[in-house]
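Chains as they are written, first to last, in full-length UniProt numbering: chain A, 1 to 135; chain B, 1 to 135.
One or more hints might be untrue.
Partial list, computed: chain A residues near chain B (C-beta under 10 angstroms) [to be verified]:
(1) G12
(2) A35
(3) G75
(4) M81
(5) E88
(6) I89
(7) K94
(8) I130
No wet-lab data here; the hints were simulated from the structure.
Quick reminder that beta carbons are idealized off the backbone N, C-alpha and C, glycines included.
2 protein chains.
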Amino acid sequence: MKVVILGCGRVGATLATQLEQAGHTVTVIDNNTEAFQRLSSEFQGERITGNGVDESVLRRAGIENADAFAAVTNGDNRNIMASQIAKEIFHVQKVVCRIYDPIRESTYKGLGIETICPTVIGTNLIFQAISETRP
Amino acid sequence: MKVVILGCGRVGATLATQLEQAGHTVTVIDNNTEAFQRLSSEFQGERITGNGVDESVLRRAGIENADAFAAVTNGDNRNIMASQIAKEIFHVQKVVCRIYDPIRESTYKGLGIETICPTVIGTNLIFQAISETRP
């Protein structure tokens, strides 16, 4: 399967390595070339420097033949816009978008984009851990 | 149960409201008074302005009688240090610490502090979502 990942932070870089190790062909996009240093030294996939909300950059990353796209930059808006482009213009089958802001997350969840909100997940996990305590 | 939360960002503020609604007594600490604006208007708990790695601030927040402590500021080091103080000096029964850096998380997990790493959780969730795709 071909996967395009936007954002080479901790999550993007780890995801790229894990997906490649699972046998997928992975391309990573970041607007900062230094970010690619986070990739494992064994990573064989392509690195594209550019702005992920720019269609020509996404095309260079092979989005037209991608089966999956993950938007994991640190910017919620950038992730949302790039996910919409991947889904609506390039018809990528699986689009996953990280959104930190729970309000924006619930809005875009309704628009057919699979969203992951670390804020909500983290809050729920901590709530559960504390609720289990017996004083 | 008495709970002290360090950090009134999105996670801290939501957690405070959820725990209070679940019947717990909650105190929130943040070094920036404006952060308390994130709290729900119904939140009745105490707000303490100060540095959460300062023992006197933790005492003002009632840490000596707390059953649980959650460190959810945006700084990994601050969360780690405050959690260690809560556990080792004040013997709080349940201490939960958010750590963004997976390397630091695995180090401190071994030291008896319950850690939550949104980076690892997010990566795993996106990996699973993409792995389920059938091209």
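* Can you give the numbers of the hints that this structure goes against, from lowest to highest? -> 2, 3, 4, 5, 6
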